[in-house]
Structures are given as C-alpha cells and as structure tokens.
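**Student:** Construct the entire structure; sequences and hints are all you get.
Residue numbers (the UniProt record's numbering), protein chains in the order written: chain A, 1 to 284; chain B, 1 to 736; chain C, 1 to 454; chain D, 1 to 175.
Hints listed in this document are in silico derivations from the structure and should not be mistaken for laboratory results. Among the hints, erroneous ones may be present.
Quick list of in silico lysine-lysine cross-link-like pairs, DSS-like style, CA-CA up to 27 Å [as the list claims (entries may be wrong)]: (1) K359(B) with K237(A); (2) K57(D) with K29(D); (3) K540(B) with K359(B); (4) K729(B) with K233(A); (5) K257(A) with K231(B); (6) K190(C) with K129(D); (7) K233(A) with K231(B).
Computed footprint of chain C on chain A, listed as stretches where at least three residues anywhere in the stretch have a Cβ under 8 Å from a Cβ of chain C [as the list claims (entries may be wrong)]: (8) 57 to 71; (9) 129 to 137; (10) 144 to 155; (11) 273 to 280.
This structure is a prediction, so every number in the text was calculated from the model and none was measured. The beta-carbon is built from N, C-alpha and C at its ideal position, and this holds for glycine as well.
Listed here are the chains, written in short residue letters.
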Amino acid sequence: MSITNLLQNWSDFRQQHPSDERPHQEYKWAMSIDLDLCTGCNACSVACYAENNLPAVGKEKFSHGHSHHWLRIERYWHNEDREYADQGAQFLPMMCQQCEAAPCETVCPVGATNHTADGLNSQVYNRCVGSRYCNANCPYKARYFNWYDYPTTADVWPAPMEQQLNPDVTVRGKGVMEKCTFCVQRLTVAKSNARTEGRSVHDGEVQTACQQACPTGAISFGNLIDPESRVAKQWEKQQVKLNHDKQAKDAVHDGDKLRGYRILENLRTYPSVMYLEQLREGAI
Amino acid sequence: MIENSFNRRDFLKVLGWGGATVALSGCGNTSVEDGREYVTSYVETADYIIPSIGTYFNSTCAQCDAGCGIMGRVREGRVLKLEGNPDSPINSGKMCGLGQAGVQAHYNPDRVREPLLRNGDKGEAITWEKALQLVSEKVASANPGSVAFLTGGVSGHVKVLLKNYLDAIGSDQHYVYEAVAPSVVRAANKKAYGVEMPRLRLDRAKVVVSFGADFLGTWVSPVHFSRQYAKFRKGVNGERGVLVQVESKMTITGANADRWLAIRPGTEGILALGLVNALSAAGLTVPAEVAAAVKDYTLDRVSNDTGVSVEHIGKLTALLKDRSPSLVIAGGAAEGYAHGSQNAAAVALLNQVLGNVGKTVEAPASMPFPQMAPITGNRSSLQALNDSIAQDGVKVLFNCGANPIYSAPASMNMKESLKKVPFKVAFAHYMDETAMEADLVLPLNSSMEGWGTVVPEYFAEGAQLNIQQPLMEKLHPGTLGMGDVLLALLKQRRPAEYSGYEDYYAYLKNAMVAIKGALGGENEDDDVFWDSVLSQGVVKLTSSSNALVSSASAAGLQLPPPAVEDGTYPLRLIPAVTPNMRDGRHANEPWLQESPDPLTTIVWDSWVEMHPKTAAKLGVVEGDIVEVASKNGAIKGQVYVYSGIHPDVISVPLGYGHEAMGRYSKGVGANAFKILDPVFDQQTGELAMYETRVKVTKAGKRVIVVKDEGPAGGNQSGRRIALRMASGKVNLAEEV
Amino acid sequence: MGKDIREDIAWAQINKDVLKSLENPKKLYWVILLIAIAMVGVAVGCEIYQYQTGMGVSNKSNSHVWSLYIATFIFWIGMSHSGTLLSAILHLMHADWRKPIYRFAEAMTTFSLMTAGLFVLVHLGRLWMVYYVMPYPNERWVWPNFQSPLVWDMFAIATYLSSSVIFLYVGMIPDLAICRDNIHAGWRKKLYTVLSLGWEGTDRQWRNFRITYLTIACFLIPLAVSVHSIVASDFAMSNMPGWHVTSFPPYFVAGALYSGCAAIITLFVILRYVFKFEEYMTLPIMRKLVRLTFAIAMVWTYLNLIEFSSVWYGHDQTAKDQLIFKATGPYAPYFWAMIFFGSILPLLLAFKRFQTHLPLLFVVSIFLNVGMWLERWMIIGPSFAHGHYPWTWDHDQWPSLVQWGIVFGSFGWFTLLFMVFCKVFPSVSMYEVKEMVYHRTLALKNKPAVKGEH
Amino acid sequence: MSQRHLLALFNDFDEAVAAISELRAANIKGFDFDDLILKSPIEHPEVETVLGDRPIKVQWFTLAGACMGGLLAFTLVASAQANFFSQIKAGKPIVPLPPDFVLTYEMFILGGVFITILGFLICAGLPAKRSPLYSAKVSEDQIGILVKGDEAAVTAFKAIFTKHKALEIQEEAGK
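**Tutor:** Here it is as structure tokens:
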C-alpha cells in the first residue's frame, strides 16, 4: 500500500537520481561526436528521417519553423571579421543531449518525459498533452512539436510512401512533442537479445542510425558503464565526467590540450553527448 | 546477414505474400490480385522470415555511380531502410544522405506505373507485349544504323546486353551522357598518368591540396573518400593530415579545409605551376624541362593572377615540401573552363613533381571483364548525339537514365532537336522532362525491385562486381527491369541465343555461374555459389593493375592569362553541384529537398550565392529576388550572401527547377543548366561548366529565405557551442 | 474632499436603487451584450479551426512554442487579483470606501479566472487529453508530474477560483435575502429563495457571518499572492534567459494588482453610467481608487527597474543579451510601449484634477491594461525569440490571426459573464452600503461637522 | 400551555436596544431571555452588550479543515510519486519536498475555506426554513425583535414594545 511504501522507503525516495553515489546500474547510453571528422554531409540527418519516421514537412511549414529534423546539422563560421571564410566552416550535429538532469523532465505537467533506468530521456507520446513546456525549458531546443497531423497531411506520406515507415517506431499524431531517442527501438532489441543470452550488450553491438550512416565515423555511441566501450574510453580520456557542471580539467592550465567538452554544460544539464573540438592547422 | 542456403524462389513467394498483406491494406500493390504472384502464407514460410524481425539483403546503391554496397532492411516483405554493406570495400558499411533517400525513389508516388504510348499530348497505358511489339516494328522499319541509345553510365550485364542488342540491330550509336562528371580530369589523367582515374590514397597523404574536387560531397565516390578522409585526419601516428582547398566557390570539402583559398576563377593551373616553381626554388628536385617551363610563374605574378596571397602560397609551398607524401587533386573547379584540360594537366604535373605518384596516386585495379567495365558518361557525347540527329542519323532513340532536356544547356536546344527523332522510347522512373517528350514510355523497376550487376566507376581496392537484387516484391506490376526489356528485345532479334532464358534473372544467374571460376567459386556447386554471391552482394575479383606514368613533363602546357572582365556580363556563374541535388535526377525525393544544403542551410529552393562585396556592389541583400542573365537565358533566384565565394563569381545550385518529374521537384527553384554558355574545353570538347558569364539585376521582390539557419546566422554570439582549436595543441595519437 | 457617500440616503432608497439594476436596463446594456457575444463567436470559430487542423495554424515554431495564449493567460490571472485586494485586504483594514465597489470587483476576479482557465486549454496541443493533468486514481498508478509548475498552477487556480466564488457568494447572502424579499415572481424569486438559504438577519446569523467572512478574507490574501507567484514560477523556475529571475514572483503580483485596479476603474465608470450608480460609486471613492492604482503603478515600475538593473548588473551574459534584444530588437516598439503605458502614463493619475475626470480615467485605465498585456507578451515573445541557443533564434515569429482572434474573443467572454452577473445579482452590496451610511451617521452624531466638508 | 411568538419592528436601532434591555430587566414570567432573537438589515455587533455574548465556533472548523487539507495533500502527492517509479526526474529525488510543499500550501487553504463554509452553515443554522414571523422590512431598514413566551407574557411584551414605539407588532397566527 502506498503510504506504508512511502514510509518504509522514505530515504530511497529522498535520493537524488542519478548521482555519483548512485550511478546507473547496467547501462548508461552516451555518445561522443568528433567535430574534426564531421563534414556536415547530412547523411546522419537523412538516416534519422528514414529510421524514425520523421515527416518531410515541405517548404511552407519549414518556413514557419515546423521542421522535424531530430538531428540537425548546424553550420558555424569563425571568420566574423575576415574577407573570406578561409578556415572553412564548422559543422555541429545537434540532437537531444539526453541530459542526466534534463530541464525538460521536471516541467512536464503529465510526466510524459522521464528519465529511464539506462539514462535516456524518454518521451511518452501517448501521455503527452502538448503543453510544450519541455521545449520551452530545453536550452538546446532539440525538441520538435507535431504542429499538424502529418500522417494525414497531403504529400507527407502519400501512398505508397507510407510503406517505408518503420514499424518499430510510432508515427506521431498531431499535438505531441517528440525528439531524438538515441534510436531506443534498436537499443531495446539489443538489450533483450543480450538478456536472453544472459549477458549485457557489448560495445558495437548496437548502433544508432546516425552513427551507422556517418561516412567518417565521427559519431560513436555506447554504454558509459562498460569500461571497455569506446565511448567510455573517450570520456575517460577526455576527462569529461557525467555528473559535473564544471570539469576538473578546465581548471588545470594544460587541460586545454583535451578536446572533449559538452555544450552549455554550465546550465547543469549534464548532457550525455560529448563533443570533440574541431581542429585547424596553424602551418597554413 | 542471412544464411546462404535458402531457395531464392521461396523468398520471392514470401515477399509476394508480404506484398499481398500490403495490398489488402490498400497500399496499391496488386501483384497478387491479378494472379501475377501466388501466395504463400507465413504459416509455411521459410525459416529466415520471422514476423516483426527485420531481415537484411545485400544489394547495390543506384543513387549515383559510386556503387556503394547496401544492406536493405526488409520486414513483412517491405524494404524499410538502407544501411551500408560492411563488406563493401567502397563504403565499408557507411552511406550518404543521397543513398539513404533511395527508398524514397523506390516508394515514390510519382513513379511511372505502366507503359505509356503517346496519343496527342497525353500518354495512354498499353501492355508490355504491345509496347515491345511496337518497339521491334519501329526498329525493324528504321535503318539499322539509325537506332541510337542515350544512357547514363552503364556497366555490368546490362551493358553487355545493351552492346549485344546494338550489335544485333547493327547500330553503333550508344551515347553515354552524364551532366556532371569529371570527364576533363579523366582525359587529363589519361595523358599524365596513363589511366583515367588513378586510385587516390588520402589515407596515406599528410597534405591534400584539392583544386575544387568536392570529394567529401559529390566527386566520384564521396562516401569512400570520406572514409579515407577520416583516416587522413586521424593521421599516421597522430600527425593530422592537412587539407587545403583551392576553389572560387566553397564546396562542402572546402568548408572542411584547414585553409580555403578563394582563387580567381580559371587560374587554378597558374597556381599549380606557381607552386611547382616555388617548390623547385625551395630546393625540391624538379626535372629541368619542367623547371624551365614554369620559371615565369613567379610568386608575385601567380599571387597577382590568382588573387591568392603571397603569404599563403609560401606557406603552402613549405607545407608541401616538408610533409610528404602529399596528394593534389584536380576537380570541377579546375576542369570547368575552356582551358580545363590545361588546368588539370598542371595539377597532375604538380603531383608528379611532388613525387606522389606511386605513393598517394596509385594505379587502379583493372576490370578483368572489360565487357562489363563501366562506360563513364560525359557531356560531349550529348553533343555528338545532337549532331547525329541534326544530320538525321537517328530514327529511333532509346533513352535510359539520362534527362538531356532538363540538363542540357538551352543553347543545345535539345527539346527541338529531339522532336526531329521520329520515335523516341524513354525508359523512365519518373515522367521527367525527357520522358514527357517521348513517344513511348517504358516504366522501369526501381533499383530495389530489379536484378542486376554493377561495376563501380572507381575501385576502392581491387576490382569488384556488385550485385543488385530485389529487396522486395514489385510495387507496381507494370514495371520491368532494364535487363528484362533488353532481353525481350534481344529475343526478337536473336531468339536462338536468348529464348532459353525465362527472364533476366535466369540470364544473370546463368551468366554469373558461367564465370564462377573467375569469381572465386570454381569448386562450388552452382546454387551454393549463386546464393553466396547474393548474400554477399559484392564479389571481389582478382585483378592486375598496371603501373602509372610518373615522369613529370610540362610538354604542351600553356595556360591563358586570367580572363579579362566582360563589361556587360561582369560575373561568372558557377553551377554548384550540391550533395543533396547533384544533377537533379533525385530532386523528387523529399528527404533530399528537406535536408538543408550544408553551406547555406537552404531547403526546398535554389538560391544565388554571392560574396558580401558583390552583394554590396549590386545593392542587394539576402532574400532579394534577382535575375541571373547570361547570353543564353535568364533565371530568377533568391540571394544568399556569405563569404565562402570569390567576389568575381556567383553560384547557383544545379538540380532544381524541374518542369516535370513529380510533386516534390516540379517548379522548385530554377534550373541553372539552362543558361550555361556553350563554351567547350579545347582538348576534350566537354562543355566548360564554369565559363558562363552573367549579369545580375534586382528583380523587385524580397522574400524570407527558407533555411534552417536562424537570424544569428553562423554566429554563436559568445555561447560556447561549436569549439575549434589549433591542431598543434592536441596529440591525436593519444586519443581513443 | 467630498464624502464617499451621503449619510441621508434612506435605506429603502438604497434597496430601490440597487434592485433597479436588476430590472430592464438601458439599451446600451444590450448593445454591449451583443458585441460581447459576437466576440466570443469569433474566438470559438478560431478554436474549432485550431482544434481540427492542429496547433500549427497559430503560427508558433519549434523554437518559439509559446505565444499569445500564455501571455493572455497571465494577463487574466493578473486581472483577478484586484478583487481580492479590494474586498479582502481593505476589508481587514476596515476601509469603508471599498463597500460600494468591492462586489463587482470580486465578480471580476471570478470571471477573469474563468477566462484565464480557458487559455490553458486553448494552449494545449491535445486538448482532448487535458484530464491527464488532474490527479485521478487509476489502475496504472499514473499520476501527473507534481514537480511541474504547470500542475501547481492547476492546483492554485482551482483553489483560487473556488475560494473566490465562495467568498463572492457568502458576501452576497444578505443581499440575496433582500432580493428574495423584494422580488415576488418568476424564476428569479426561486433562485434568490434558494441561494439566500433562508437568511433572516438574526443576530446568530450575523455573528457567524462576520467571522466566516473574515476568515475567508484572511485565507484569500495569501492565496492570491501564492497564485500569481506560482504563475511567475512557471517562468522563474525554468532556465530560459530573461525568465530565470528571482524578482519575478513579486513582479508578477504587483503587475497583477496593477492591471486589476486599472480594470476596476474601467468597470467603475461603465457601471456608474449604465446602472446610474452615481449615488454609490461616487467620485471621492474613485479618487481613492485612482490613488491606490497610482501607488501600485509606481511599485510595478520600481520592480521593473529592479529586474532590468539586476539583469544588467548581473553577470549572466545570455540574460543581458536577452534584455538588450528586447529593448532594441524587433520587439523594441512593444517594449517601449509597455514602459510608456505602464510607467509614464499613470503619472497622470497623480494630478488631482484628473483623479475624478471620468472620461479620461476610462481611457487611461484601458491603456494601462494594454500596457500590462504588453508586459506579459514581452515576457513570452522576445524570450523565446532570443534564448540560450543562437542557432534556433527566431526573430520574426508573429502570432497568426487565429491567436489574435482567440485573445480578442476572450475579452468578449469576460464582458459577457460580467454583464450577465450584473443583471442577475446586485453589483453593489446593499447591506454594506447601509452599514457605511449607518456608521457615517453615528460618526456625525458624535462629532460636529468639520469645516471643508460638504 | 402553548407558547406564543411575537415580532416587533422598530425604526431605530437604539429604540430596539432599549426595548431589549427593558425586556431583560423586567423578567417576565414564562419568557426566557435567551429565546429573544434580533433581526436586523445590517450587522450590529453592539447588541452583544445587551444580548450578552453568544459563542462563535466557526474558527475551529477552519483550523480542522486547513490541517486536514494540508495533510491529505502531502500524503497523496508524496505517495503518488512514490508509487510511480517511471516518473524519475533526472537530478531530482523521487519525492521532492519543495514542489510538494507548494501543493500542500494550496490544499491547506482550500481545505480551510471549504470546511469554514461548512462550519458557517452549521453554526448559523443555514439553510433554514423561514419562520412565519418575518417581515421584508427587516431586510430593508427596520429592526425586528422576535420573542417567545407564554400567553400570559404576551400583554407584557406588547406593553414594552409599544412603549418603545414599535412600528408594528406581528403576532403568530393560530394558538
């Protein structure tokens, strides 16, 4: 019964979750993206459209900011003053950062977005009432709202195009919020396969659609708990700690030799995506 | 991956059932209802089909000619998504956006669904029997020599059949046309190295200087080069490769360069020779003959002509000298001029002087079966066809995989000259501009429905033969594979030879099994061999490769001085080949329209790129609608201003502005092909794409440019979002 | 200054005058009513269209997900606070002059809350799932997220609405008894008989009535404050630059009282004219009201300055950019209009001759509320347009006609409710006016008239 | 011996008070002073001086209501959170106190208000049937005194009322 439950496990319920003293148990999915390898070719983005049933909304809706690219490639210039962009551009793939302390989660009135046991920031479509508070509170603006009912909108999925829709992924109706899920449908399959074989998912066994497509392999994805996973090693090497809003390395003076950083870390969102700074040659 | 041992036919039956389930759910697949397929229920299905579990089948991506191996995820008889085939040396499991969009070509609602015969100005549906009958009559009635085929790049068994058919009717008119292809560079390479396209080893180079070769986006085999680029950036023992891009309009490769050098259009060759000169001055051993040839290309003169600063030329020289091996690539920007061959040759010369030949420029594997080797398309062939038509040497024209009416410059007046051809047959996927003009339209299978073999234009490692196999049952019963059609046509001509084959599948299997020895299956049972081939999707061929010419020679190199400005047409038009649109054949795939152009982030429209200076001179700002007028026509477009382009040029992307094709492409943007000036490369006769002179005038309105980029543009206004640091600081070797 | 009310009005006269407002009104009343209904019609149309087609038609974007609905929601919530102020706070302070005007002020509270509530619904992407927000027991142990300020809103507004309805009703019981005694036929008779609960004005009833009324008043004050600070925490609790400000709750409360008072002035003028309440809604009372409004206006101005200067002085660059953007970007005109209407215009109220100049006050009070509405919009619009993440900035996002239509209609809806209320219930508290008169006579009896009065 | 009811209406509150105090002074046989009820159009706290203060209990309801509301709210919210594990919000405890306190506060007030009203209705004996002896005048401007007494007392009542110039004396119809 609830009240007895409440009283018996009070101390548990008062625990911050997750935290250094209470890390994730088996899985903590995380990503690292090497901006020096990202060429901005958009393959990841299109792969995401294919995998996650994202609608191509068309010019008119796109112009109103109704686009649905869960993974968008942002293009930055570093040459405000110079005549030419003569050190090229910088491309940055931005998707839901699956924050450990996600601002979107606490504000959802109906609890449609929650933290899962393996560290994902889940979005429950059929619970969502569309208050859009989560997006308002997302510093990365990585959440996308179904402004229209795309399945019934002309030329979004005209027959026979709807046959391409991935049956593993819900086709969202109007009025719900959606965002990158780290291809949770793939993770689920991998996890259940592993479970049936009585082991845990090993590194490289499951790939996100964007990672799988990326021609330069700029995106790596895996389980942060597993010390053998590439991602864990990268985070370790770059001295980026998950539950920190300031990294110790930034204090030491040669910390700038490391490329790893997380975007808007200072907002204490604890993102699960680490980026590696882009490099530029000085000799030319 | 699937097991080798299963019966292909069962598979198709099951897919038939998959199709049927789809059909019953009203998705327009009628193949079962009209008894073309018979149904096998899932109760007695083959054991590799498990409802709700995706099965992967290997095939080959047909979105461009790179020939990446793909792996189609099939569920309940429907192909859902394409992944890269890890066993394919070209893309080793990776894919580009264009390839990903292949499923949308397959499921596209605007596909042609049954043969159409022109009746007045509309087509009426006819049966294939009737269609083929008609074709054989027309061909029979025509003089054998006057039957012509216009195709895109072809290879594999289709090419063989095509060849055989042409022989059968005794015609030699086969024109292979590609609107955007590095034909000039190929020719120049042939001269310089003895091969059209050497194998480029970015992964081994420490410095890559690319003269406008967009190898990360659109050039030759982008995914493969991207794979190499990754290795190149990681470097051998942590020495990060340095990329320098020389071009007048930034490509996505340029956007990733450590140094992007905006060069005055057409002077790429001058810079190359200037570098040779500077290198020899810096003490690099250069053949006397070459040194003599380039001695006039002094630092100042080169800097003056090209607009590249002395400082940068100096640094570049030092870089090339110190960090060896390097790799110099000539691409679109170099070849797109009347003296394109010269530019390319100069670049090749630079490579040879640097001693890269044999190190980063390797001999490509040769195809052991020349009859299947790809014919690479070019633009001059279209010119040839045009001439042949003009002397009315063409009575029956088969058109397949080419859309000349859309992609030929207005000056060629393709539409009119095609009217001179009495009977035009178009093998079409969409009702594109050329199909609209055809007398008979024959709908083709999508690359996910048909059988075939593909030989990539560019071998990543050894020679290879790619398999193309159906990933699902036909969507539209009225379509046929190119192979099947050719086979049918051949049966009309050489029944003795071909009537034995029930369909192209039978022919293909037979043909493959016949050469199984060469394909590494000599002591395997036919079916086992065939199944393994199908499951692998890629057959690696044992091949030799002959050495390259590495002796540098400047013989016959003379480069014109930088072009003088034309008063009435002050600007140069660079028709940009973008990763999404390429030559526009995939414009009807919404994913590609919606995925923002990497540099401008513009969607669903074309645009006119210009440098802030140019914009200021013209008094226009972003969003202004301007008219871009050349001697051969004018197009309108929205202005996009940014500093990734030389002030002397403006750029309009290709691939937009279709007048037909489908709901997603028709009327979207403007077609830059149309206004290209008829200027040709002197040596190869290729259309010089970058030679068009234009004037830009305001056309009144101003619109809000629909793009992903916000009002902040590429500016982070102080937030720490996209960070960049000097490569000197990090030790990549230590990184994971 | 003149007296709040004449002590020599016969009590019977009071009854007569007020009860008259329940009978056939001027034509103007019907005109107002019809206009209101038409406006509601517009809003309903827009909402149906939006419901059918999807939120997209309101023209918000993924980086700009909130707009007029939320802004107007805050506006109406704010409007509701003045009623409480007048009835509860002034009641505790025994400020007699509130008595003739607090009734309609309270009605205003109730109805603006009802209007505000609608905006929450209109704003939702899936209106048909709105019950998910309520905590109802269910088999799956699924509950709303009690951490969300929106859920706090839901609780707070529910509490506030029910409490203020009760407050309004309880305070009205004696007057309902009067209506019962004076109206002898028709559905009204039944209505009043039922609602007056058989009130006879016995000493026992009066005694409990007093304490009850007092207690609820005491509850209402902290409640009102909490309601608007919770609405403020919708923003203050988020991490949007320009929202994450400590001074938001008091700022919101002040703004609320401000717009409320302005609204009371407006309605004061209207009622005084439409129902001929000159005797009761007298100019001296108006003067007091205007002075109160002026004071609050200055408080609001101050808090505004505090907010800006703390942002300016603070080290949060993003918030600073945000502020600069508001003052200089595409939203600048509205921003400065807000400053003008909110802080400059009320200075007029400081001048004695304007304090009783009804036509002017009418116009000014309306503009004050325009200013307050702009304030709410300045909280929503620019913040979204210029948030943490430059790539997704969206400077030219402009609400579509659908949004404007619904906002426009909400004013009709409010007017409709209010006007109907004034027709069915006494909008001036009769028994309290009598008390007022009574106390005044007593006062006069005890001390001789001072010079300067009359 | 049957009881009779009388209602006297006065124009002036002071007269009414005077009358009451006299009724009290002259302890009329068969008349219990506590049965006297004063009916007035407005509240007259002053009457307590003559009526003697009669206790008010509403505030106890208030207290009980408020506490109950608060307590219920907290337990409901907290145990709901405790039993809804999917609702783990990153970085926050499963039962976070600050939000729950906000809700507790609101419900505290709601409970208080509701139960106060209940208390009011109970204490004031509402809703009630109107007694036969009631004059609309009372809700207008006159003060009514309702007394209850034996037959014998009636004359005495009347005497006092008339003495204090009662405008009108209603007598209960029937015996």
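**Student:** Taking the hints in turn, state whether each one holds.
**Tutor:** Evaluated hints:
no., hint, verdict
1, K359(B) with K237(A), "violated (34 Å)"
2, K57(D) with K29(D), "violated (31 Å)"
3, K540(B) with K359(B), "holds (23 Å)"
4, K729(B) with K233(A), "holds (20 Å)"
5, K257(A) with K231(B), "holds (21 Å)"
6, K190(C) with K129(D), "holds (14 Å)"
7, K233(A) with K231(B), "holds (19 Å)"
8, 57 to 71, "holds (count 5)"
9, 129 to 137, "holds (count 8)"
10, 144 to 155, "holds (count 6)"
11, 273 to 280, "violated (count 0)"
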